[in-house]
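Undergrad: Assemble the whole structure, with the sequences as input and the hints as a guide.
Position 49, counted from 1, in the sequence shown is what full-length UniProt numbering calls 49; the numbers after and before it change by one each time, with no gaps.
These aren't lab readings, by the way, just hints derived from the structure by calculation. Don't be surprised by glycine CBs; every beta carbon is placed ideally from N, CA and C. It is possible that part of the hints are untrue.
[Unchecked claim] Computed Cβ-Cβ distance ranges for the label pairs, DEER-style:
1) V87 / D114: 17 to 23 Å
2) S84 / Q27: 27 to 33 Å
3) E31 / R85: 36 to 42 Å
4) A39 / T127: 30 to 36 Å
5) R85 / G28: 27 to 33 Å
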Amino acid sequence: MAPVAETQLTSSVARRFVDALRAVEDQGDPEAMAGLATADTRWTSSGAAHSSTGAEGAREFWDAYRRAYGDITSHFTTVTETDSRAVLEWVSTGHHHDGQPVRYVGITVLDLGDDAVDEVRLYFDTTAARAVATEGSGDAEAAGDMLDDTTAASGRNSGLAP
Numbered sequence: 001m002a003p004v005a006e007t008q009l010t011s012s013v014a015r016r017f018v019d020a021l022r023a024v025e026d027q028g029d030p031e032a033m034a035g036l037a038t039a040d041t042r043w044t045s046s047g048a049a050h051s052s053t054g055a056e057g058a059r060e061f062w063d064a065y066r067r068a069y070g071d072i073t074s075h076f077t078t079v080t081e082t083d084s085r086a087v088l089e090w091v092s093t094g095h096h097h098d099g100q101p102v103r104y105v106g107i108t109v110l111d112l113g114d115d116a117v118d119e120v121r122l123y124f125d126t127t128a129a130r131a132v133a134t135e136g137s138g139d140a141e142a143a144g145d146m147l148d149d150t151t152a153a154s155g156r157n158s159g160l161a162p
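TA: What follows is the structure in structure tokens.
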């Protein structure tokens, strides 16, 4: 079996990011992500209305991401690194809160500091997740039922759900 793309990472900060993502997805724990932040680290998602900053911003950002799904797992397909940047291509699969499957692809761009991330930018097609959740219809009204009352605002604010 070919090695998983993330095993090819040479940057310790990028590797810590992947480990922190696993903690978010598996246990819902954003603390390792917060530990990667400086006071100025920006967290941005293509589907979000605004970015977050710092360790508290990391907690809010990644908590919103995880709460948007019943379960979610990201698999890295390609990694590209320089001394100051890592680009991680991924496929995320899982289920929305109503049990409907979700699958979408995207990239994460990490601007790397010495022992932290300076900026994290996620780019993905939010419509793809909605189309799977609504059985291909892309109907935002139908997709609105995939989150429960406690996660609806989180999912919408994170840009990870309609």
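Undergrad: Go through the numbered hints given earlier and state which of them the structure violates, listing their numbers in rising order.
TA: 3
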